Amino acid sequence: MAEKIGVYFDKSSIGPYLDLEALAEAVKNKWSSQCPVVSLEDKLASQEGKQKIQQDIDNGTIDAVCVCGTSPRFDSEFFDFGPKVPVARTSLREHCVLAYDDPDGKSLEPGQETPEPLQALARDYVNMSVTNLQKTEPPEGEVLETEKRVLVLGGGWTGLNAALSVADSGYEAVVVEKEQELGGYAAKLYKTFPLSAPYEEAQFTGVDRLIESVQNHDKITVKTGTTLQRFDGQPGQFQATLKGGSGEEELSVGSMIVATGWEAQDTKYVEPLGYGKHKDVVTSMQFEEMAKKGEIVRPSDGKKPSSVVFILSFRSLLDEIVKEEEAQKAKEAEERAKLEEEQSDEEVAVEETFKKTESYRHLAFTNEITSLNSLKQARYVREFLPESLAYIVYEHMTIPGLNEHYYKAAQDDTGIMLTKGEVTSVYEEGNGSIVVRAEDTLIGDDIEIEADLVVVPTGLVPTTALDPVIKLAYRQGEAFPELELFDGFADSNYICFPYETRRTGIYAAGSVRQPQTLPRSAEDASGSALKAIQCLESVNRGMSVHPRSGDLTYPKFNFVRCTQCRRCTEECPFGALEEDAEGTPKPNIARCRRCGTCMGACPERVISFDNYSVGQIGSMITQVKVPDEFELGGPRILVLACENDAYPALDMAALRGRKWSPYVRIIPVRCLGSVNTIWIADAMGKGYDGALMLGCKYGDDYQCHFMKGSELCDRRMKNIGETLGRLGVEIERVQQEQVAIDDYDLIPDLINDFVDNIYKIGPNPFKGF
Amino acid sequence: MSKSILVIGGGFSGITAALEAAEVGQEVYIVEKNPFLGGRVMQLNKYFPKLCPPSCGLEIQFQRIRNNQNVKCFTMAEVTSVSGEAGNFEVAVRLKPRYTAPNNADLGDLAQSLSKNVRSDFELGLSRRKALYMDVPFAFPYRYVLDTDNITEEDRKKLSKSEFINLDDQEKTITLQVGSIIMATGWKPYDVTNLTNLGAGRIQNCISNMQMERLAAPSGPTNGAILRPSDDQPPKKVAFVQCAGSRDENHLSFCSYICCMASLKQAQYLREQYPDCEVTVYYIDLRTPGRYEKFAQNILNDPKVTAIKGKVAEVEEDLKSKGVWVTAEDAISGNKVVDCFDLVVLATGMQPSLAGQALPMDIPMDEEGFMLGGEDKGIYAAGCAKEPLDVMKSAQSATGAAMKAIQTVRGR
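Sequence lines, in order, name chains A and B. Going by this note's numbering, the letters in the first sequence line up with residues 1 to 769, in that order. Going by this note's numbering, the letters in the second sequence line up with residues 770 to 1181, in that order.
Treat the hints with care, since some could be wrong.
[What the hints assert, rightly or not] Take a look, some chain B residues computed to stay more than 12 Å from chain A by CB distance:
{"no.": "1", "residue": "Lys802"}
{"no.": "2", "residue": "Arg833"}
{"no.": "3", "residue": "Ser852"}
{"no.": "4", "residue": "Gly856"}
{"no.": "5", "residue": "Pro866"}
{"no.": "6", "residue": "Arg867"}
{"no.": "7", "residue": "Ala900"}
{"no.": "8", "residue": "Asn919"}
{"no.": "9", "residue": "Lys926"}
{"no.": "10", "residue": "Thr962"}
{"no.": "11", "residue": "Lys1005"}
{"no.": "12", "residue": "Tyr1043"}
{"no.": "13", "residue": "Glu1047"}
{"no.": "14", "residue": "Gln1126"}
{"no.": "15", "residue": "Glu1136"}
{"no.": "16", "residue": "Met1140"}
[What the hints assert, rightly or not] If you anchor each label on the Cβ, the simulated ranges turn out as follows:
{"no.": "17", "chain 1": "B", "residue 1": "Ala994", "chain 2": "A", "residue 2": "Ser619", "range": "54 to 60 Å"}
{"no.": "18", "chain 1": "B", "residue 1": "Gly853", "chain 2": "A", "residue 2": "Thr267", "range": "54 to 60 Å"}
{"no.": "19", "chain 1": "B", "residue 1": "Lys1073", "chain 2": "A", "residue 2": "Thr267", "range": "34 to 40 Å"}
{"no.": "20", "chain 1": "B", "residue 1": "Lys885", "chain 2": "A", "residue 2": "Gly206", "range": "57 to 63 Å"}
{"no.": "21", "chain 1": "B", "residue 1": "Arg897", "chain 2": "A", "residue 2": "Gln54", "range": "39 to 45 Å"}
{"no.": "22", "chain 1": "A", "residue 1": "Lys292", "chain 2": "B", "residue 2": "Lys1080", "range": "34 to 40 Å"}
{"no.": "23", "chain 1": "A", "residue 1": "Lys292", "chain 2": "B", "residue 2": "Thr991", "range": "55 to 61 Å"}
{"no.": "24", "chain 1": "B", "residue 1": "Lys1080", "chain 2": "A", "residue 2": "Arg315", "range": "21 to 27 Å"}
{"no.": "25", "chain 1": "A", "residue 1": "Ser619", "chain 2": "B", "residue 2": "Arg897", "range": "47 to 53 Å"}
{"no.": "26", "chain 1": "B", "residue 1": "Lys941", "chain 2": "A", "residue 2": "Val560", "range": "56 to 62 Å"}
{"no.": "27", "chain 1": "B", "residue 1": "Ser929", "chain 2": "A", "residue 2": "Arg605", "range": "42 to 48 Å"}
Simulated from the structure, these hints should not be mistaken for lab results. These figures come from a predicted structure and were not determined experimentally. Here a beta-carbon is modelled for each residue, glycine too, at the ideal position from N, C-alpha and C.
When you get a sec, could you build the whole thing from the sequences and use the hints?
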């Protein structure tokens, strides 16, 4: 912990609005033994300023630095003194001077006496920073031995590309493929849609060459006819149990790439189009098989079709199935809601068995592949049967980007007829051909096309919608969590961070993530390979990965006080905590993202980080001077602001000239999930009149960078509300608001409204005790 | 031989590529020609389909950059020459002077006191800025920049008095030794003045989709209120014209991919802000790949949103009301449709930034400015420099490119 803190005030950024001499005096008086250096600098955020501080460190005069000036989000390049010197930043500019809303309405004038509420605010913030440093240890990462080997689950197009990416970077790759051959569905294709410029022709996939490269690579081991039975451990030190021809084997790996691709959707969804009823209605996959074999013929009589109709859309025909599935989904949601209501929060949540999530929607989600496939297969018709015609009936031709050239080439082909239309029925005509009826087309209100062969789309269903796949031996469950949000796709909920699977060290690529074309899947394979390597390298340095990249701290547990309540193991968004037979948590540090949700969950305050702990924030809260009465200096409101969205928004608000009450004291937190309810109790006990939590949005479109952090905080606050109520403290004193980073124009109003409400409720009944 | 990687372009793809490489231990340089990192996504109000703000992801990226010594950023910087080969490039970078102190100084008052009002490129002409400016939200680096082309002698005197302004700042050229290069130069909105049948940018209430983003953004010229440029009134009837310049042999022959989703997203902005507003989308195909279908269906199910398949032949200004007449062909009925709207949004496409530009090195490009290759030379395309992409796929693309760039410097 810091014992000799240097406190530096930056005159140039704070300007003449604060009585810095008085502030410095106050620090010297209060912290005389802990703060050997208290100085006012003209321009602290400069090379000169940095050097001055560095000198004080090199002389041994100080071992920690408290910078009072701009927000911690700015000028950090001037205040980095290496990992052994903790630095606390006091936002005297943004959160004091700029945001100051004078209770009497006066504006701040330079040179005039600093109003007392502003001076009190600044004093409190400086004291809180000093306290923060006193409860900080320089972080020392826990370096773990790492296996420089990546497991690639799936030996199809994506898996093969991923393995090559990993191996070409100098790491070992082990490809585990359940079939006897490599190549997946790519190997079953005759051709694929364009792989490269000019994007006008379908091309052979080249998957055979890819397979050869993988088999010949000295850093790649291939295990076909092998499945993953169990995956345990943590990044850098995973243990995979594989089952193959020669029995079971254990494999140590550093990380895993899931490239298990897709399965064809149940054909019941295309039965309304006559599939199963008429022999000459085939799926796109079956049509591809014909082309691969070198012959396109009608299944019924083996004759060559003179017209082939590709149906892409048929909304009305799916209506019944859709209704049925939606009703079933609603029923299940109702039952689940009832179950959750009956369970109290204290009970351990019932672990759900894996539920398949294949639905009618997977057909719609395959739209890009279906559209491209129809063009490709229409051209097969032209290739194999130059006298025949191909028709494509679509709702939208979903051909984004440069593949537009491929679409144009098909449009220019006089043997391919394309029309928008809604297919309303498919029926067999007496003479053995099939009639496809469509309405609202480009060539007439109601048209009928006579088809010798009809091709209906094959929906792509990700393997993770049908099976847990990753077989994690994690307490929280064997599959990727919350895949219902993605209809079973192993995808990330973050637009900016496509490789977030909520399971550290395990990355997904290819069509198991989103329906993707071969070139896009190859790119995805490359990206996931980098993430897989990055993870095991980070673990090897004792560092966390995204979003707290490079963080050396990790949660430390004082097990002596643990009461085995299991809240931390339940609530960890990443499943980082296992438990022993008694229920005592077993941390897997390499799985951890250092969000602190466990720290917030623990009712015994057993968990802490080197530079972020319950005691640290608690001390900062109680460091604030709380007037005994409103009239003697106003109420005091604690604001805990998520450092990812709410805190930057506050900075932005202040810099845009917005102001808020000087009676709030804002403390940034890693995530609202890390907020321990004891902080609220500390605040109430100290006489604060209110506590406001500002954090990210939760729900299906969650913004919280740690998934559930803000949601958990909200739930905990509702619980604490009951306790407070019983003590006679109004529950309105503790509120949480969901804010986005661009809500900077709204947050000051939120704060001020909250303060107004506190005035209405009146002072905390425990004030002054 | 160098193990450093150069990323040309500091937009979302460039930042992602740089960080993903840096976090596996590589030294990376980002060279960005604008005064700030962030690129095109900073001009967006929200991303589809989550309708989340771009600053959220960017804030995390900037935090990661701040915390990683391996990343060195140069803004106001442009590559002027590249020589050498994979593993051993020598790159000359011209750094234009910023004229402001290296720390974060609040120069708002000084900026306001300057005399000229200059067209803001960031706001796509919807508003003006001062010669001393920082006109992007959550700027990184958070430093003002001085546009010396637009200051008077009077201004110069004011500026010279500030301890945070250095009028003697000079252009510099530095040389970087790198092993591989990632081109993350991104895209620019297709120039609307080329669309002569769609107003050529001269009709006030006929704006581009990027201008619509600025109107809807809280950091924009109207603080997020979508108002008609002619009279600052809320629009009651809005039309979106898809494929404005894309899928067109006379303009951009390819599909710009994001404009369908962008228009649907903007329809959502309008519907949320003005519950009575009616929206019509004129499209050729509505391209909402994959799970974007869900988002599209939700918006199209709104009774006040109508989608009509039909190319818009022309738009014309109504001189009295300043409304915009749209003439289109309804492809299903075959009828001509003519309707007048308070506001028309042209879904203009994305053109690669490099289109029409000379490159400092020899890389194959297609005729529309997309990079075709260069991998054999240790030069990798990321993001929209390669093809039209949305944000998530740009991040994917950038991560993939970073992997390849790393392999080049580590030696396969």
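Here is how each hint holds up against the structure:
| no. | hint | in the structure |
| --- | --- | --- |
| 1 | Lys802 | holds (21 Å) |
| 2 | Arg833 | violated (5 Å) |
| 3 | Ser852 | holds (26 Å) |
| 4 | Gly856 | holds (15 Å) |
| 5 | Pro866 | holds (18 Å) |
| 6 | Arg867 | holds (15 Å) |
| 7 | Ala900 | holds (20 Å) |
| 8 | Asn919 | holds (23 Å) |
| 9 | Lys926 | holds (21 Å) |
| 10 | Thr962 | holds (23 Å) |
| 11 | Lys1005 | holds (25 Å) |
| 12 | Tyr1043 | holds (19 Å) |
| 13 | Glu1047 | holds (22 Å) |
| 14 | Gln1126 | holds (19 Å) |
| 15 | Glu1136 | violated (9 Å) |
| 16 | Met1140 | violated (10 Å) |
| 17 | Ala994(B) / Ser619(A): 54 to 60 Å | violated (44 Å) |
| 18 | Gly853(B) / Thr267(A): 54 to 60 Å | holds (57 Å) |
| 19 | Lys1073(B) / Thr267(A): 34 to 40 Å | holds (38 Å) |
| 20 | Lys885(B) / Gly206(A): 57 to 63 Å | holds (58 Å) |
| 21 | Arg897(B) / Gln54(A): 39 to 45 Å | holds (43 Å) |
| 22 | Lys292(A) / Lys1080(B): 34 to 40 Å | holds (38 Å) |
| 23 | Lys292(A) / Thr991(B): 55 to 61 Å | holds (57 Å) |
| 24 | Lys1080(B) / Arg315(A): 21 to 27 Å | holds (23 Å) |
| 25 | Ser619(A) / Arg897(B): 47 to 53 Å | holds (49 Å) |
| 26 | Lys941(B) / Val560(A): 56 to 62 Å | holds (60 Å) |
| 27 | Ser929(B) / Arg605(A): 42 to 48 Å | violated (57 Å) |
In the structure shown, a violation is registered for the earlier hints numbered 2, 15, 16, 17, 27, in ascending order.
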